[in-house]
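Visitor: Can you join these two chains into the complex? Each is in its own frame, and there are hints to help.
So the protein lines, in turn, are chains A and B. First residue of the first sequence? That's 1111 in the working numbering, and the numbers climb one at a time after it. First residue of the second sequence? That's 37 in the working numbering, and the numbers climb one at a time after it.
For the record, the hints were derived by calculation from the structure and aren't laboratory data. Incorrect hints may appear among the rest.
[Stated by the list, open to error] Below, simulated BS3-like cross-link-like pairs (lysine-lysine); rule was C-alpha separation at most 25 Å, straight line:
1) K1270(A) to K264(B)
2) K1221(A) to K1158(A)
3) K1270(A) to K1221(A)
4) K48(B) to K1221(A)
5) K254(B) to K264(B)
6) K74(B) to K40(B)
[What the hints assert, rightly or not] Distance ranges between label pairs, derived from CB positions:
7) R1121(A) to P61(B): 23 to 33 Å
8) L1192(A) to M102(B): 34 to 44 Å
9) L1140(A) to V46(B): 27 to 37 Å
10) R67(B) to I1143(A): 44 to 54 Å
11) M102(B) to I1132(A): 43 to 53 Å
[Unchecked claim] Over 10 Å on every C-beta distance to chain B, these chain A residues come out as not near it, computed from the model:
12) P1113
13) I1119
14) W1128
15) I1131
16) T1154
17) L1155
18) E1162
19) G1169
20) S1176
21) Y1177
22) H1187
23) T1206
24) R1235
25) V1237
26) R1258
27) L1264
For glycine and all other residues, C-beta sits at the position ideal for the given N, C-alpha and C.
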Amino acid sequence: MKPDEIFGISRPDRGLLWIYIIRCVLTGPLLPILILPLVFRYMTLRYKFDDEGIGVSHGVLFRRESYITYTRMQDIHLSRGLVERWFGLGTVEVQTAAGSSAAEIRIEGLKQFNDLRDFLYTRMRGVHPAPAAARPQDGAAAVLAEIRDELRALRADLEKRRAV
Amino acid sequence: MPYKTLRAAVLKLLRLPAGPPEPPPGGAVVRIFNASPKYLRYRLLAVFIGALAGLILSVLLLFGAMAEGGILWFAFAAETLFGALAVFFGYFTARLDFEMRYYILTDRSVRIREGVVFLRESTLTFANVQNLRIRQGPLQQLFGIADVLVDTAGGGSGKADSETHQGAGAHRGAIQGIENPAEIRDLVMGLLRKFRDAGLGDPEDHARSAPASEEPVKRMREILAEVKALRLALTR
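Bound conformation, chain B alone (with noise of 0.2 Å):
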């Protein structure tokens, strides 16, 4: 298959590691899993609208070139090119980006493998995770998708988010693209539930909130008897 040919030269030219990251050390992992497959025909849908343009613009040109001839040839020509090639380049990526996401959900953190040209792995622990959101836009309730968002402490600048929710600031890990976000997000709650602290806090708070013996209070009650029946006898 074609595509294989020219991915396996494609990853090996870019240096990206094929398979899942390496699960963080340490801890169970609990779930391994990709983007949906509908992910990338949402991404696809980009290209597509994209090729669409080119080949209208394409067609105008020929009309042109066929009624006036000369450079319009030379356009037409260079227009067809260019924009197959961006067509070709767009599905192409878009098909890696989608091959080379990965989340791994180990029982403390999260790890988030994105990216082709700019490798990027987000590992936040639940310790720090502040809230845990489902975000789906009208495009990605077509195709029945949606995006995890985790939110861990401290703010980030007012980036807005792109489409692809690249722009989302560094405090945040986006678990994108996925089918089933009420289950991944009940997943994580309940690994977050571990971490009674989570969100801000002190390391050393746990020793506060142990939960309390009642041995102490009742030797105090037995020497508080103790003292007032010493009174009693000290004072007959």
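One chain only, chain A, in its complex shape (with noise of 0.2 Å):
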């Protein structure tokens, strides 16, 4: 994996607006209502890739965005339609614990997906199962075997005194 790579990623492969052209030519009459939102999706669809998640906005006249963190990311699908295959691309979907069976960010129309995906694979929740476990008691007992090391020499050192 090219973290690199991943995180040059902002804008979707020119291929997307075609698949959208097809898609909307399929619907027949449909077609001058669905292409011009569609087109404009196309056009303002905007990937950020960061050390911590992905965002994902999109829209003219009602904008959306969305940002996932890496951590909370637990299921990620790839699904690739006829036509997307026909034009090497494919659709990265990611979903979080959230109460919704869709996808909370569709990453679309992407050549690297398949990078993509094991990017994410790597950096999702579970990634570390069990850690050896920690200890952060270690050093309390260190500080605890400190002080009373301490209160030994003060009582021997008030013993002595006394004796005196």
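Guide: Next up, the structure:
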């Protein structure tokens, strides 16, 4: 995986526009109604990958922007329809535990869908299963031992003085 | 074999990747398996029933045409042709769907690849799995197959599952049409056990579940003894 390559992604591939157009053409008479929102969607679709998570935004009149952190991702779906496969593209859908069955984020129109999926897989929730039990108490034990020694010395000192 | 050449041509046309999908990166692959051949027979049952219905309709139309002639001959020819085509496509897609279906178990996740026209690969990590279920309908019982359902956290719309379970919410992975559901379930359970916090919960929660060390308590007891002795020494 090359994270830099993933971080560099900000726009979908040009093929996505064609996919939208083909989908609209297939609907027939609805073409003029459906095509405008999709073209605007393609034109305004922006992806933003950073160290913490992914942001997706689109929309002209109604702007939508969602952001998901890697640690909250739990299912990754890769879906590729027939037309998408013809264009060599794929859609990566990411889900969190939120209560909807639809994907929270859809990253459409990417040629690097496989790299992206692997990239997400190495950062999502559950990457670090049962880490070697970290023991913060060990440090505490050392400090406690020091306090004990200090007290012991104090008492010894006190007893010595009493004896004098 | 004609099926093989046709299959190769269709795979190329549909841009379907042959062979199993790539396993998720990192971690060991525990098992790669397919649906049972019985699953194909189960899927073909619907095609068979459809073919039977078409055949009956064809025969009826043929009798009608022999009695009346005219337009019914045309209806008979059209019905037979379309029926044959539908059966062929039904058989072909069912077989292709069966052959393109892959399940990959790794030590961290399960990946399910399904679909012919609409290809879908779901990767569900065990850290998020809420429950495992086995489902078997009466027909599946007859064929000796069952589905293992892997549910992850999060709800779904109340979409009813169809016979093929394709309407299942996206928070679910279905390992469909296998003969040894209990074995697969136990295998996944064993892998799941490594993820103590499977399900919801904080990814940073691990520290809390670390086994408590005995040492601090011991040290504190020593300090207590020391302080008691100190007090004794002072008040003597």
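Visitor: So which of those numbered hints doesn't the model satisfy?
Guide: 3, 22, 23, 24, 25, 26, 27
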